[in-house]
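2 protein chains.
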Amino acid sequence: MTETLEYTLFYWPEIPGRGEFVRLCFEAAGVEYSEVNDVPELQKLLLNKDVPGIAAPHFAVPVLGVRSGHTADTHTKKAKSDAASDVQTSHQKHYISQTPAILSFLAPRLGLLGDADKLQGLERDVAAAQIHQLCATALDLNNEVHDSHHPISVSAYYEDQRDEAKKRAADLRANRIPKFLQVFQVALQGDGAGLDQKKDGGRRLWGSKTSIADLTVFQVIDGLQFAFPKYMQKLKDGGKYSHVFSLHQDVKDELKEYLESEKRLPYSNGVFRYYPELDEE
Amino acid sequence: MTETLEYTLFYWPEIPGRGEFVRLCFEAAGVEYSEVNDVPELQKLLLNKDVPGIAAPHFAVPVLGVRSGHTADTHTKKAKSDAASDVQTSHQKHYISQTPAILSFLAPRLGLLGDADKLQGLERDVAAAQIHQLCATALDLNNEVHDSHHPISVSAYYEDQRDEAKKRAADLRANRIPKFLQVFQVALQGDGAGLDQKKDGGRRLWGSKTSIADLTVFQVIDGLQFAFPKYMQKLKDGGKYSHVFSLHQDVKDELKEYLESEKRLPYSNGVFRYYPELDEE
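As given, the protein sequences belong to chains A and B, one line each in that order.
With the first letter of the first sequence counted as 1, position 92 gets the number 92 in UniProt numbering; the numbers rise by one all the way through.
With the first letter of the second sequence counted as 1, position 68 gets the number 68 in UniProt numbering; the numbers rise by one all the way through.
It is possible that part of the hints are untrue.
For lysine-lysine, the following DSBU-like pairs were computed, each having C-alpha atoms within a straight-line distance of at most 35 Å [what the hints assert, rightly or not]:
id, chain 1, residue 1, chain 2, residue 2
1, B, K166, A, K166
2, B, K240, A, K93
3, B, K166, B, K209
4, B, K167, A, K230
5, B, K166, B, K93
6, B, K209, B, K252
7, A, K179, A, K166
8, A, K209, B, K209
Just so you know, these hints were derived from the structure itself, not from any lab.
Here the structure is a predicted model, which is why all the values come from computation and not from measurement.
Using the sequences and the accompanying hints, generate a full structural model.
Here it is, written out as structure tokens:
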């Protein structure tokens, strides 16, 4: 009755970007996935043309491809007892885009629901929604970081909106990042989700086990440290968000092998960019 | 075995804002809900203090309160046969924030999964993820509309960022809105989700039945017509996004009673604002 799925991540080459949030799920779970980073191939998918079995159209990558592993090579009809029997044809492939939708789809399949995995019924659904909520909050911060260097237009160069970017980045540092980090700090304090389970250290956002929310917060903090090194060091030294920085370190240790491998792409010209003039002076 | 839940929507008074996406779900489903719009009460919830049973902390409203309806008045322990038996104490109340997390939690409970409600197993999960994807895309557009009048800082006045807002709104009209509407147009063309079911008119984003994605797209188009009346009229007359405007009209008809009632708040000073200088000339 086990569902075996083949996963493909479609994302731009060379930058970690939003694809990295999906990549971290597979790496943390130790589940195999393949990648398509060929630009013409991605554009075909985004144009929603010539792709058999496409469902909802995609605004942007990352797109996750999902195919039932049992049927991939056999081309035979599924037995009724098979949990994947709802896959109608042997070659049917599903496509999902939008990072939060992909993460929420993957979480229960990859064991990334934190301690909520132990719950059932309404309690489990609520916990999954709260994990989704924390992911969405981290992804909102991710978007605000992107907008800090492109406050006027995504399609124009940074150099053409540098003055506005300086103002927006100042606001991001002064008002927005602290507000976001405070939410994660509270969630990790034991006033938040998971409650008792977290009081003995090794805290995660929903209990003591790593969830998609922890991976997402890790990646955003990691990217922020690249983009605003002076500012983030000051926050870390300040101690106000100690649990958030501990979580970042814990997840970093957990993903050590991947993070030190060649598969981990360096930050460059994606969401997280280092422009010294946007950092704290 | 039916789960009966009591729902409370926590949102700012006077503006439709992001609370409206949640409100529309209950109104479309004909399911009762109560509201808390008292500002000090909301601030208490956002500060994550003095609220018993709080779980994950909230970055912002809307927040959805969920309580098992069976136990609300009785204070008795649940029978094992009750589907809500996972609610541990009679007064336990759950809180969920982040619009996409709230909508995804509500969709299967309120019959708002479109034709995906007929599916099971992997196919249902994929369809739910695609509906989530379309919602997230519409909510991204909603956020970009907000940023068009606040490109530099949410906490500063519009009047202090009017010049930047003019540039950002011009980019929103020229590049962003058309790109978003194209995605919804394709989804409604029968190339998208739901496929055959939609070819005979009465199309919805996932099949022929209204889902959270249709409600969300409706609300964003509706708000855009308020914020950019000339521009949106031009797009409508152009005919390129005919299915999107038809969907808007269909959902408007479906929600007629609510939309014409006093419960429907007028647009004013929220996400959707009418600044003539940001509209098409």
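What's the verdict on K179 of chain A and K166 of chain A, does the C-alpha distance respect the 35 Å limit or exceed it?
Answer holds: K179 of chain A to K166 of chain A is near 19 Å, not above 35 Å.
Quickly compare the C-alpha distance for K166 of chain B and K209 of chain B to 35 Å and report which way the hint goes.
Judged against 35 Å, a Cα distance of about 39 Å means the pair is violated.
Between K209 of chain B and K252 of chain B, does the CA-CA distance stay at or below 35 Å?
Between K209 of chain B and K252 of chain B the Cα gap is close to 14 Å, so the pair holds against 35 Å.
Given the hinted pair K167 of chain B and K230 of chain A, is their Cα-Cα distance within 35 Å?
The hint holds at about 31 Å.
Checking one constraint from the list: CA of K240 of chain B to CA of K93 of chain A, max 35 Å. Satisfied?
holds (29 Å)
For a C-alpha distance cap of 35 Å, please report whether K209 of chain A and K209 of chain B respect it.
violated (38 Å)
Compare the distance between the alpha carbons of K166 of chain B and K93 of chain B with 35 Å, and conclude whether the hinted pair is satisfied.
violated (44 Å)
Has the given pair, K166 of chain B with K166 of chain A, been kept, meaning a C-alpha gap of at most 35 Å?
holds (18 Å)
When held up to the earlier numbered hints, the structure conflicts with 3, 5 and 8 and fits the remainder.
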